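Two chains, two frames, a set of hints: combine them into the complex.
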Amino acid sequence: MSISIQSISKSFGAYAALENVSLEVPDGSLTALLGPSGSGKTTLLRIVAGLEFADPGPGKIAFHGEDVSEIPAVKRGVGFVFQHYALFRHMTVAQNIAFGLSVLPRARRPQKSEIRDRVMELLKLVKLEGLDQRRPHELSGGQRQRVALARALAIRPKVLLLDEPFGALDAQVRKDLRRWLRQFHDEIGLTTLFVTHDQEEALEIADQVVVMRNARIEQVGKPQTVYDNPRSPFVYELLGNVNKLHAGKEVRYVRPHEIEVIFAAEYDPATDSLARVQHLFSAGPIATLTVKLADGQFLDVELSRKQLDELALSIGDEVAVRAPQSEPHH
Amino acid sequence: MSRRPVTTESPLVRLLLIGTAVAFLALFLLLPLAAVFVEAFRKGWEVFFTSLHEEAALSAIKLTLLAAGISVPLNTLFGVSAAWLVTKFKFRGRSLLVSLIDLPFAVSPVIAGLVWVLLFGAKGWFGPWLAEHDIKIIFALPGIVIATVFVTFPFVARELIPLMESQGSDQEEAAVTLGASGWHIFFRVTLPNIKWGLLYGVLLCNARAMGEFGAVSVVSGHIRGETNTLPLHIEVLYNEYQFSAAFACATLLAFLALITLGLKSAVEHFTGHQSSGHK
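Quick mapping for you: the protein sequence lines, in order, are chains F and U. Residue numbers for the first sequence follow the numbering used here, so the first one is 1 and each next one is one higher. Residue numbers for the second sequence follow the numbering used here, so the first one is 1001 and each next one is one higher.
For the record, the hints were derived by calculation from the structure and aren't laboratory data. Keep in mind that this is a model prediction, so the values were computed, not measured. Honestly, I wouldn't trust all of these hints.
[Said to hold, decoys possible] Once the Cα atoms are required to be at most 20 Å apart in a straight line, the calculated DMTMM-like pairs of lysine to aspartate or glutamate come out as: (1) K1090/U / D55/F; (2) K75/F / E1240/U; (3) K1090/U / E52/F; (4) K75/F / D1170/U.
[Unchecked claim] Some, not all, of what chain U presents toward chain F, calculated at C-beta under 8 Å: (5) S1099; (6) D1102; (7) A1106; (8) N1193.
A virtual CB, placed ideally from N, CA and C, is assigned to each residue, including glycine.
The shape of chain U in the complex, shown without the other chains (with noise of 0.2 Å):
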């Protein structure tokens, strides 16, 4: 006879479980990944290649990639700087501050955007003074990186924190001790034992980012050709019954996804480490 672990139940049950995971997975999934890319051929290769060299949406894309060009580097430098602050120094309000980088994980797209329309729009706090000085913030590209910006926040700091919190501080210690000037100690002892969680956080955020459709459907305005990104651009194509070129334009989403899985995969791979569970 052959000798089963205490914990494994019946052949039946096993085959239960695992079919069930495996039809869900397969339902909500892959059916939906596998849809978006019948329905982007369903018109033959031409209609898929013509609808993404069209003008709209080259400027989408144009505009997405800019967007994510900015807020990425700009969320990085505040998720490290504040990933930093909060785990290498003690102070009054840490806590609070912890709490506030997780706002806007906490809070609807929708509101996210709507907020900086209060400030900025028109008839917002800071609307007439913009005016006078003939800048554009709502509508227009700036608007757009803001409130990415504000949506992507917390994926690098979130990322960091435990990390660096798990570390301690005696590696950076040490360097002072040793001589070693603050450069130095973030770029030759902070940096190289952040690196992998740190690219996590990025690729995170750089999905988010280049996805975001509430936030930045409120500021944008949907100006085509202007300040339509792709998410924002496949819908207007969809409400259009362009459901050929919506498609196509989507499947640069799903890739951009499914690189973006296949990167963490090979970065957890590299590093053993566990994903924490992001939404």
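Chain F on its own, in the form it takes in the complex (with noise of 0.2 Å):
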């Protein structure tokens, strides 16, 4: 189901969480809402689940295009998995996998058995099996997570909401993890929203990346778009390491990998700087350099091993760097 968000606006006291906010998530879509934190991106999500109500006025939820603003969550039927997972820490993992189906009325609870299949398959679809009778406190933070996600589901709800899935996982797992979800996805095919403060993680997994910044949404797209196109020095800034180049009172973004280095002697005033080599970092496949340009500006530069290796720098040696043309910021 499509979630459509229009013009809903937060706020806590005088604090305005959310200011104005409108976006659409197409039925089926892996949906990423980037942002610091103090952006809104969590107070959003909880509003499509219910758990927050927006500010009185013009704003609305609608799911499939059926207004749920005034359905509480409790009726709402998303599924939400919560950053630090809140399994319920009594209950073995089978009990809160069928957490949502026992709770249902008497009259549209599943038989005992059904429920045990139903719990069974989720296990099966979140490659959990026979972990059925541990407890929460001995798994995994990675498995953790997927009972979440499992007990989430088992409601068969509209929509999937995930906040800060990863956040509270180590290095490695979160990148196995963001994979698996993203094949997940694919699998079972449910509109998914999912709040991050990680950049890497929202441009390599979702369909459609949202950034968000002081309770607006700045820019909306796929994440090639949004990576290729920022609409402001903020999202530039944001999406990946970029350096900052004043010329004036204009300021130009140009991201390191976008740097060519050349040798010195190829100089070409037209199109060339010429600057001293400051710093090298080398190890690993990327090389960083950071070079000084003529008029005191320091530029970060990520060539291959095999480009540095080929230029043979070392630290004070002049370089000539050529920066693609983009349009400058005021």
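Next comes the structure, spelled out in structure tokens:
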């Protein structure tokens, strides 16, 4: 089901957490809400879930065209995975997953055997077969996260909402799990909205990236589009390392890998600038060097190891750098 | 040469410290406890059991059990509701409410009793009205229960508030998104998470409810066989120089204390719960 967010505002006392936010999440997509802490992304997610209510006004939330703004979370039918999973500590994995089914009114509650089958099916889906009798504290972070996911899916939610799904995991598990989540999403095809502050995560797995800043949406688009055509300096800086070049009142943004480094002997005054190598870091497949331009500004450059070897640079060498022409910001 | 942890004191200092602690414990805690039992049995088993079988003693035991039996469940209910309210919701006046819960700890029990006499006594605010309708609160069971409830009010809430605060509302919110009603959330999510803390609070509340002297003494009127609770009965016996009988009854309260301590340690053992220092 698609999610339609229309003119939603939310304030906590004098603090505005969301200001007139509108967003369309297409049916079956995986959409990332990306932004620094305090940008309002988690508040937006909680409003979609019904865990918070938007300020009174014209704003509304619709699932597949149906207005759900007034439906409380308990009846809204969303799957919500909390940042720290919020598993029920005193229940087994199976009891956790079965919870949403076991609290249904008697008339709609499935038979015990049906619930058990559904739990087993979900455990298989999240690759946790055989762990049904464990308790949450006996599981690793990644396993807990998948139990939380299975628990949310048990009620056959209309949409799936994930708050910082990888926030509490180690770097390696994070990477594995986010690729797994992408595949998983393709398998089940459920409209999914997730919150993250990690641009790599958003760019790698999302179909649509929503950049948020100070209670507003800054830019929406496909990862490639947002990365290649950031609408503002804020988006530029959020989406990866970037050099800020001042020329008079203008500021230009250039990503480190977009800069070419050539021998000073091949310097062309029309396109290049002369610079001196200040710092070299070459452990790993990508080498980073910092050069100082004639006007005193520093520039970070990323090169492949092969390029670096060909240039045979060392600290203090003079080189010519060529940056692509990008549109200046004021 | 054997290795010593750097923080260890010399054997002499250690001996001195341990000795002081043990001597202090023996003098101030064990000796009085032993004295209670020695005095109770000074005149033999027969006197001990007769003093407990005496009508006034039985009535005092019954009244104590009744007062605790009413006020502990009430305060359990109040305490859980107050803790739930304070920790799961944000509202104006929340910190004032938390301070108010502590009020009975801050007020002297005698004052806590006098307040009720001022309100419900014959010459109190509601005294004439109560007399007109033939309702007896002061010098009767209702007064004793009210005073006990007041004095023991904070125990359950104080135990639960920090516990529930540290647990946050994540699990409750998860239950909400999974479609659970308030009833289900409380009994299947919140209660299992706080059960040991709750039991601990109830134990302390009960110990205090049965042992309360000051506030109850003010509102009870000391009517023998009618409004004397166990602690009051002990005082009466003592004032009448019936030392053995007084101490025989005191052993009951001492037993209660020992049982409470035992259960409390059991709860701590189960949960790794550290006592947070009650008065």
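Hint check results:
About 17 Å separates the Cα atoms of K1090/U and D55/F, which keeps this hinted pair within 20 Å; it holds. Taking the CA atoms of K75/F and E1240/U, the gap is about 68 Å. The hint is violated against a cut of 20 Å. Distance hint between K1090/U and E52/F is fulfilled; the C-alpha atoms sit about 13 Å from each other, no more than 20 Å. Of the supplied pair hints, the one linking K75/F and D1170/U holds, its CA atoms being roughly 18 Å apart against a limit of 20 Å.
For S1099/U, the shortest C-beta to C-beta distance to chain F is roughly 22 Å, which exceeds 8 Å, and the interface hint is violated. With its C-beta approaching chain F no nearer than about 27 Å, D1102/U sits outside the 8 Å limit, and its interface hint is violated. Checking A1106/U against chain F by beta carbon gives a least distance of about 31 Å; that is not within 8 Å, so the hint is violated. Interface hint at N1193/U: satisfied, since its Cβ lies 7 Å from the closest Cβ of chain F, which is below the 8 Å cut-off.
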